[in-house]
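With chain A held as given, fit chain B onto it using these hints.
Just so you know, the protein sequences line up as chains A and B, in that order. Note that the working numbering has the first sequence beginning at 27, numbered continuously upward. Note that the working numbering has the second sequence beginning at 5, numbered continuously upward.
Read the hints as simulated data drawn from the structure, not as lab findings. Certain hints may be false.
[To be verified] Computed list of chain A residues with no C-beta within reach of chain B, every gap over 10 Å:
#1 M27
#2 A29
#3 D31
#4 R33
#5 A35
#6 D50
#7 T51
#8 D56
#9 G83
#10 K87
#11 D93
#12 E99
#13 D100
#14 K101
#15 S102
[Said to hold, decoys possible] Derived SDA-like pairs (lysine to any residue); straight-line CA-CA distance at most 25 Å:
#16 K43(A) / R69(B)
#17 K87(A) / D126(B)
#18 K289(B) / R243(B)
#19 K43(A) / N121(B)
#20 K87(A) / L135(B)
Here a beta-carbon is modelled for each residue, glycine too, at the ideal position from N, C-alpha and C.
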Amino acid sequence: MNAIDQRLAEILTDQLKVDRAAIDTDVTLDSLDIDSLVVVELALILEKEFAVPIPDGELTKEMTVGDVAHLIEDKSGGPGATV
Amino acid sequence: MPPFEVAVTGLGLVTPAGADVAENWDRVRSGRSCASLDETLPDPTVTCRVRGFDADAALGPFAARQTERFVQLAVVAARQAVADAGWDTGAWDGARVGIVLGNSLGGMQSVERQHANLLGGDPRAVSPLLLPMFMVNMVSGYVAIDLDARGPSQVTATACASGTTAVGTARELLRSRACDIVVAGGTESALTPLVLAAFRRMGVLSRRCDEPATACRPFDVDRDGLVAAEGAGVLVLERLADARARNAHVRAVVRGYGAATDAYHVAAPEPNGRGIELALRAALKDAQLTGSDVDHVNAHGTSTLQNDVIEARVLRRVLGGRSLVTSTKGVTGHALAAAGALEAAYTVLAIEHGVVPPTANLMTVDPAVELDVVRAAERKAPVEVAVSTSLGFGGHNAALVFTAA
Numbered sequence: 027m028n029a030i031d032q033r034l035a036e037i038l039t040d041q042l043k044v045d046r047a048a049i050d051t052d053v054t055l056d057s058l059d060i061d062s063l064v065v066v067e068l069a070l071i072l073e074k075e076f077a078v079p080i081p082d083g084e085l086t087k088e089m090t091v092g093d094v095a096h097l098i099e100d101k102s103g104g105p106g107a108t109v
Numbered sequence: 005m006p007p008f009e010v011a012v013t014g015l016g017l018v019t020p021a022g023a024d025v026a027e028n029w030d031r032v033r034s035g036r037s038c039a040s041l042d043e044t045l046p047d048p049t050v051t052c053r054v055r056g057f058d059a060d061a062a063l064g065p066f067a068a069r070q071t072e073r074f075v076q077l078a079v080v081a082a083r084q085a086v087a088d089a090g091w092d093t094g095a096w097d098g099a100r101v102g103i104v105l106g107n108s109l110g111g112m113q114s115v116e117r118q119h120a121n122l123l124g125g126d127p128r129a130v131s132p133l134l135l136p137m138f139m140v141n142m143v144s145g146y147v148a149i150d151l152d153a154r155g156p157s158q159v160t161a162t163a164c165a166s167g168t169t170a171v172g173t174a175r176e177l178l179r180s181r182a183c184d185i186v187v188a189g190g191t192e193s194a195l196t197p198l199v200l201a202a203f204r205r206m207g208v209l210s211r212r213c214d215e216p217a218t219a220c221r222p223f224d225v226d227r228d229g230l231v232a233a234e235g236a237g238v239l240v241l242e243r244l245a246d247a248r249a250r251n252a253h254v255r256a257v258v259r260g261y262g263a264a265t266d267a268y269h270v271a272a273p274e275p276n277g278r279g280i281e282l283a284l285r286a287a288l289k290d291a292q293l294t295g296s297d298v299d300h301v302n303a304h305g306t307s308t309l310q311n312d313v314i315e316a317r318v319l320r321r322v323l324g325g326r327s328l329v330t331s332t333k334g335v336t337g338h339a340l341a342a343a344g345a346l347e348a349a350y351t352v353l354a355i356e357h358g359v360v361p362p363t364a365n366l367m368t369v370d371p372a373v374e375l376d377v378v379r380a381a382e383r384k385a386p387v388e389v390a391v392s393t394s395l396g397f398g399g400h401n402a403a404l405v406f407t408a409a
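So that you can see chain A by itself, here it is in the shape it has in the complex (with noise of 0.2 Å):
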């Protein structure tokens, strides 16, 4: 588990109070609960912890943990770069 993986997991855990236990790469946003009203609100929060632009509707709830986690990364040039 790189540190995007790690944030992304206490992101979830923390501030959105998902179960911790849940929480994989695999799993989807959806199958943790959370729904297009807390997409939303994740999605800000990623902005402003990794400092990435993360425009409406690039995150779905249909995604997986780990896609988000490559999405970041993605966005911030490589794993645990901006962290």
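Chain B alone, transformed into the frame defined by chain A:
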């Protein structure tokens, strides 16, 4: 046609007076006020808050983060009431279960927080959860999800009469057979800086901040205003015949309901109490009873200068002087839209126990109040017929008539 009778088969209470029905009843009977100086507000203000409520434990942290306290309190009170009624929500026919809850101010905490975010300059900082967290109707939506109640659901918003309106509305859903069970009551949690500042500017709050425990003193000659509170009260209602058929424990019967409007002023009560008189007379007529039948009144009794005298005159005029009158707001404070629901529950308990709780802090009864107001200590007396009255900003008035099972 005989009066339409609805059984109260379950009660749930989460209020400043306690985390469940038993704690509430003990505290209300004791006549000890729950009021204290509120450390969370910028200006000295006396309030009654629910102590020790753990939303994370009750709803789970994930759901608790996405709900405001008025919803959280209601969910827990509703669960209590349903359990008390002996219903298993996994086994009932949810399509026949309705929800009617009173609320006025919704999730004001979210409004104030998100407005601050907006003023910070970035509209995107406004949470997408703002609307589902603050809208008043969301409480019936959340409780419906929690209980798998798929019949009609709604929130009644008649200000401080909302809880009473909810019980009356629920009774109509049972009468029309739209539902077989209705989870009814009220909730309020809006003790925010903005709301309290607004109440203060209206001049309705007690200014007795140096002695908060005696700030709310309904019907007392020295009363100087209300003490705002939070809380939730829920009743499970079923047609009496249905409740008897399933051998449910019937705690009391809702036998009459009346509602009326002052059509006078948005905040001040009509000086002759014509709205509350109309509502009370309608409730008695609905119950096919007369004023002299009423053993006990749980009055609205807010501790404001105007309400208590106007209400007392109407009670005297309609009921005569025999009824034992109390205002449990002396203990709980004024839980606004939840007040009528809390007081409906306390009225049921008074009937069940044959006990009329005292009006806390009532030292000297206002001479204009020509009623037998119970003070100092509870009064033991058979209560066969009881009334609960509510008045709200907007000129809303509502009254319920309860009878012993």
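Hint check results:
1. The Cβ of M27(A) sits about 22 Å from the closest Cβ of chain B, beyond the 10 Å cut-off, so the non-interface label holds.
2. With a cut of 10 Å on Cβ distances, A29(A) stays outside the contact zone with chain B, its closest approach being about 25 Å.
3. At roughly 20 Å, the least C-beta separation between D31(A) and chain B is larger than 10 Å, which holds for a residue marked as non-interface.
4. Taking the minimum C-beta to C-beta distance to chain B, about 19 Å, the non-interface status of R33(A) holds against the 10 Å cut.
5. With a cut of 10 Å on Cβ distances, A35(A) stays outside the contact zone with chain B, its closest approach being about 15 Å.
6. Every CB of chain B is more than 10 Å from the CB of D50(A) (nearest about 16 Å), matching its label as outside the interface.
7. For T51(A), the non-interface assignment is confirmed: its Cβ lies about 20 Å from the closest Cβ of chain B, beyond the 10 Å cut-off.
8. For D56(A), the shortest C-beta to C-beta distance to chain B comes to about 14 Å, beyond the 10 Å cut-off, and the non-interface label holds.
9. Remark: the non-interface label on G83(A) is consistent with the geometry, its nearest Cβ contact in chain B lying 12 Å away (cut-off 10 Å).
10. Residue placement check: K87(A) keeps its beta carbon more than 10 Å from all beta carbons of chain B (closest about 12 Å).
11. Consistency note on D93(A): stated as away from chain B, and its beta-carbon is indeed over 10 Å from all of that chain's, at 20 Å minimum.
12. Remark: the non-interface label on E99(A) is consistent with the geometry, its nearest Cβ contact in chain B lying 23 Å away (cut-off 10 Å).
13. Interface exclusion of D100(A) from chain B stands, the closest Cβ pair being 21 Å apart, more than 10 Å.
14. With a cut of 10 Å on Cβ distances, K101(A) stays outside the contact zone with chain B, its closest approach being about 17 Å.
15. At roughly 19 Å from the closest C-beta of chain B, the C-beta of S102(A) stays outside 10 Å, upholding its exclusion from the interface.
16. Restraint check for K43(A) and R69(B): satisfied, since their Cα atoms lie roughly 7 Å apart, inside the 25 Å limit.
17. This hinted pair checks out: K87(A) and D126(B) have alpha carbons roughly 24 Å apart, not beyond 25 Å.
18. Proximity of K289(B) to R243(B) is assessed by CA-CA distance (about 19 Å); at most 25 Å being required, the pair is judged to hold.
19. Between K43(A) and N121(B) the CA atoms are separated by roughly 21 Å; this keeps the pair inside 25 Å, and the hint holds.
20. Of the pairs offered as hints, the one joining K87(A) and L135(B) holds, with about 20 Å between alpha carbons and a cut-off of 25 Å not exceeded.
Taken one by one, the earlier hints all hold for this structure without exception.
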